[in-house]
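**Q** Assemble the whole structure, with the sequences as input and the hints as a guide.
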Amino acid sequence: MVTQDSLLLNLPALVNDDRALARWGRYLDADVLVEIGADSWMLHIHQGKILEARRGPFRMPSFTFAIRIDADAFTEFLRPDPVPGRNDLMALVRHRLLRLEGDLHPFFSHLIWFKFVFAKLREAPIT
Amino acid sequence: MIENIVGRYLHIELNGHRQRVYFEEAGQGIPLLCLHTAGSDGRQFRAILNDPDITAHFRCVTFDMPWHGKSSPPAGWQNSEYKLTTDAYTGMVMAIAAALGLDRPVVMGCSIGGRIVLDLAAEHGAKLRGVIGLQSSAYTDSYYDLEWLHRPDVNGEVCGGIVSGLMAPQSPEHERWETLWHYMQSGPGVFRGDLNFYAVDGDMRGKLAKIDTSVCPVWMLTGNYDYSATLEASRATAAAIAGAELTIMEQLGHFPMSENPERFKRFLRPVLEKVRARG
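Quick note, the sequences are listed as chains A and B, same order. Here our numbering is used: the first residue of the first sequence is 1, the next is one more, and so on. Here our numbering is used: the first residue of the second sequence is 1, the next is one more, and so on.
To be clear, the hints were calculated from the coordinates, so they are not data collected in a lab. These numbers were taken from a predicted model, which means no experiment stands behind them. Accuracy of the hints is not assured; some may be wrong.
Label pairs and their in silico Cβ distance ranges [to be verified]:
1. B:W181 <-> A:D72: 33 to 41 Å
2. A:A22 <-> B:G243: 48 to 56 Å
3. B:A126 <-> A:D72: 49 to 57 Å
4. B:V215 <-> A:R19: 55 to 63 Å
5. A:E52 <-> B:Q78: 41 to 49 Å
6. B:D141 <-> A:P80: 25 to 33 Å
7. A:R23 <-> B:M1: 28 to 36 Å
Backbone N, C-alpha and C define an ideal beta-carbon position, used for all residues, glycine too.
**A** Structure representation (structure tokens):
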């Protein structure tokens with residue numbers, strides 16, 4: 001069972017055995033702070049593998065970049081058939097519902113990997 | 001099986017440069033000139049040029065803009081920065097249409113092509129049979145830093161990544177990924193250079209009132225999953241052109257002709273029927 005609380009903690013299991021994702025992300029190293037509404041997670045990524053996913057809150061987080069997403073918009077993003085404007089990370093950026101902050105080079109140089117990974121969460125919907 | 005599409009090269013001077021422009025065509029009848037999106041090429045219209053119901057009545061032509069697809073950049077490109085402008089784009093379309101002997105063509109363009117057809121209708125409407133704007137809007141604000149599209153330390157894969165979500169999730173996976181492949185093949189800085197027209201130079205809002213749809217009809221087809229040329233932007237554009245016809249295409253996105261050609265043709269066919277009825 002995946003709950004809102006454990007949502008991103010499930011990512012290593014969803015991502016690390018996917019061979020296609022491993023190829024797209026093979027040069028990716030980053031510490032990514034993910035904030036969905038008031039909830040936060042830290043993803044420690046090395047060579048495209050999520051070595052650690054930790055649940056916040058964090059007092060003084062150090063990270064490569066942060067992804068901050070509106071909670072309601074992310075719930076819609078997770079739907080199996082997302083509506084227009086909620087179907088993609090860049091769609092959320094377009095509608096000012098996703099904000100990026102920090103060194104964005106790892107994000108844009110591996111944009112397809114990040115899109116794949118967040119879309120993976122649709123395979124483990126929140127209960 | 002060999003397709004009926006024939007590809008050739010046109011040697012032409014465009015904006016002071018000698019260019020070798022690749023174009024493809026199929027069919028006979030009313031000239032239908034198809035303009036590809038930013039950072040891609042004429043392969044996007046493969047399904048149109050291969051449709052016997054369309055090519056029975058239309059001479060379908062698409063060309064790769066210089067710097068795109070099989071049309072190389074001009075000599076000296078290594079010392080220049082590619083930036084598409086409204087004047088250069090409109091001049092190129094009219095010059096190529098004339099060089100190919102297209103008599104009062106219908107011009108159908110997507111995205112930047114859907115933008116430039118508005119300029120063509122405003123400035124050269126009497127020379128055209130009409131325009132079809134796909135994902136057409138008079139103006140689009142920029143919502144991310146375009147510099148990420150042209151950096152030596154970021155692979156061209158980013159161009160595919162940027163546009164992947166613009167397609168409807170219902171579109172066939174293989175068609176979506178071929179569309180992205182075209183983007184990932186784009187030359188360095190080309191997608192960003194096209195977006196100079198789309199997001200900086202090509203604001204058409206002031207020109208829409210010039211369009212006379214009794215001379216040059218304007219048909220607009222907009223997929224609802226497009227968050228670049230949004231429904232709101234297409235609606236505002238259509239509302240500002242007296243007589244323009246806008247159809248919203250459900251379950252299609254920014255690349256209707258390539259992401260889901262069969263679904264797109266359901267929306268295109270009625271427009272082409274209107275073109276034929278006008279003669």
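**Q** Taking 25 to 33 Å as the hint, is the beta-carbon distance of D141 of chain B and P80 of chain A inside that range?
**A** Given about 31 Å between the Cβ atoms, the range holds.
**Q** Okay, A126 of chain B versus D72 of chain A on CB: inside 49 to 57 Å?
**A** 50 Å, holds
**Q** Per the hint of 33 to 41 Å, is the separation of the Cβ atoms of W181 of chain B and D72 of chain A within bounds?
**A** At 34 Å between Cβs, range holds.
**Q** Range first: 48 to 56 Å. Now tell me if the beta carbons of A22 of chain A and G243 of chain B are that far apart.
**A** Given range 48 to 56 Å: holds, Cβ gap about 54 Å.
**Q** Just tell me: holds or violated, for the beta carbon distance of E52 of chain A and Q78 of chain B against 41 to 49 Å?
**A** This hint holds: roughly 45 Å between Cβ atoms.
**Q** Does the Cβ pair V215 of chain B, R19 of chain A satisfy 55 to 63 Å?
**A** 57 Å Cβ-Cβ, so the 55 to 63 Å window holds.
**Q** In this structure, is the beta-carbon distance linking R23 of chain A and M1 of chain B contained in 28 to 36 Å?
**A** 32 Å, holds
In summary, the structure agrees with every hint in the numbered list given earlier.
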